[in-house]
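*Asks:* Residue numbers (UniProt numbering), protein chains in the order written: chain A, 1 to 153; chain B, 1 to 153; chain C, 1 to 84; chain D, 1 to 84.
Because the hints were derived from the structure by calculation, they are not lab data.
Don't be surprised by glycine CBs; every beta carbon is placed ideally from N, CA and C.
One or more of the hints may lead you astray.
[Claimed, not checked] Taking beta-carbon pairs under 8 Å as the criterion, some of the chain B residues facing chain D (in silico):
1) H43
2) R46
3) K47
4) I48
5) R58
6) L59
7) L119
8) F125
9) W126
10) E130
11) G131
12) E139
13) P140
14) N142
15) L149
16) W151
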Amino acid sequence: MATQARLTDDVIRPDLLLQELLAAATGAGAIVNFCGLVRPEDHEGRKIEALRLDHHPRLTLRSLETIAQDGAERFGLSTCLVVHRFGRIEPGATVVFVGAAALHRRAAFMGADYLMDRLKSEAMFWKKEEGAAGGQWIEPTNEDRADLLRWGN
Amino acid sequence: MATQARLTDDVIRPDLLLQELLAAATGAGAIVNFCGLVRPEDHEGRKIEALRLDHHPRLTLRSLETIAQDGAERFGLSTCLVVHRFGRIEPGATVVFVGAAALHRRAAFMGADYLMDRLKSEAMFWKKEEGAAGGQWIEPTNEDRADLLRWGN
Amino acid sequence: MGNMTVRFYGRLAEACGPTAEIPLEAQSCTIAELRNIIGQRFPDMATDLTGPSVRAAVADVMVPDDRSVSPGTEVEFFPIVSGG
Amino acid sequence: MGNMTVRFYGRLAEACGPTAEIPLEAQSCTIAELRNIIGQRFPDMATDLTGPSVRAAVADVMVPDDRSVSPGTEVEFFPIVSGG
């Protein structure tokens, strides 16, 4: 697979994706992967019923591809996989899966970390937390912006 | 599972371990895991036939448990899993699996990174790379020692 | 002189629907003018639509406010992305 | 006056075997003395065994070189660990 980004409205199965990564990452010494799950509560402790991610039919996937390619190049990842879900997603379910394989662990860790920082700020989604009291549209937090600055972006 | 360390001479199945982690990590927003695989070549490009890890019947598991507990406490991990294999392990196979679940991604990334840095220097193993020209016993590299210093250890 | 098709995403789509047909009285208009016309139709969103946080795109490429567009061209409006 | 059972790990186990029975002429000896006795039996490993990189343990606890041990006690010798 080398470098790949996928966009899906279906359930993400991190175990199967990790299996794919392991099969693809011939010669690698290290694989780091990240699963982002819908949290059961928002930042103020209110129950979240679902996260809804609006996406663009072409540009969203393109944004994922750009991020995956940037990460793979910057950290010399032999395999780099970004899988993102859109639509309505319930607490506990996986929203995003990122996998980075490299010869050594430092590159794999930094690669996955970088991919997530970029995705959290730049992936082309419009995200809403839906709760009992209605919902609220989410924008990148100050922490997300600060995380991105770590990489000189 | 909260915090757990396991030592096994059997094949490690990262996909099944990730499934376990996902099932255990209720309420988490982020899971980071690491798979360490036997590389096909050593640092000088010579073919590795197998990695052999000698272990101590009690102290090795204890060292894994200490590291897992330290990581879980230091980064507030809701779930922390360390699984290490010993014995003869062939290239491509998983030697170590680490999983860290937390509310937010920064803690999960740092937790997994920390666990691996500690494991690479302090896990109580004696490791030998076996190749056609015999074998060589491995000690932590200077990079491993430098990695450990990042955490003030 | 014809309808402009516009598409909305995120909070804009929630407020204005995913698409709207905007009748245009001139042969063409700039993106800035189009923002004002749409803002009149959806007053709740006028501040967003005419502000810098909402970007406009034609054929999947971001376009500046002085770009001229005419009926038949589809214009998309993007609020600030949330990230993944 | 009896045998000391010692256990080796890693490169020491490869050179000396995983365990050895070391006959002791005194009723007891220090870890430092034991290191020398074992070094005489396995000359290739003498430098390692008598150096600071090899640690000794009794009952799963590291012990200093001046600790006295006697037959019946099992002493383990650990080369520098490789990490995982």
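*Asks:* Does each hint hold? Answer for all of them.
*Replies:* Status of each hint after checking the structure:
{"no.": "1", "hint": "H43", "result": "violated, 14 Å"}
{"no.": "2", "hint": "R46", "result": "violated, 18 Å"}
{"no.": "3", "hint": "K47", "result": "violated, 20 Å"}
{"no.": "4", "hint": "I48", "result": "violated, 14 Å"}
{"no.": "5", "hint": "R58", "result": "holds, 6 Å"}
{"no.": "6", "hint": "L59", "result": "holds, 6 Å"}
{"no.": "7", "hint": "L119", "result": "holds, 4 Å"}
{"no.": "8", "hint": "F125", "result": "holds, 5 Å"}
{"no.": "9", "hint": "W126", "result": "holds, 3 Å"}
{"no.": "10", "hint": "E130", "result": "violated, 11 Å"}
{"no.": "11", "hint": "G131", "result": "violated, 15 Å"}
{"no.": "12", "hint": "E139", "result": "holds, 5 Å"}
{"no.": "13", "hint": "P140", "result": "holds, 5 Å"}
{"no.": "14", "hint": "N142", "result": "violated, 13 Å"}
{"no.": "15", "hint": "L149", "result": "violated, 14 Å"}
{"no.": "16", "hint": "W151", "result": "violated, 14 Å"}
Figure legend: structure checked against the earlier numbered hints; hints not met, in rising order: 1, 2, 3, 4, 10, 11, 14, 15, 16.
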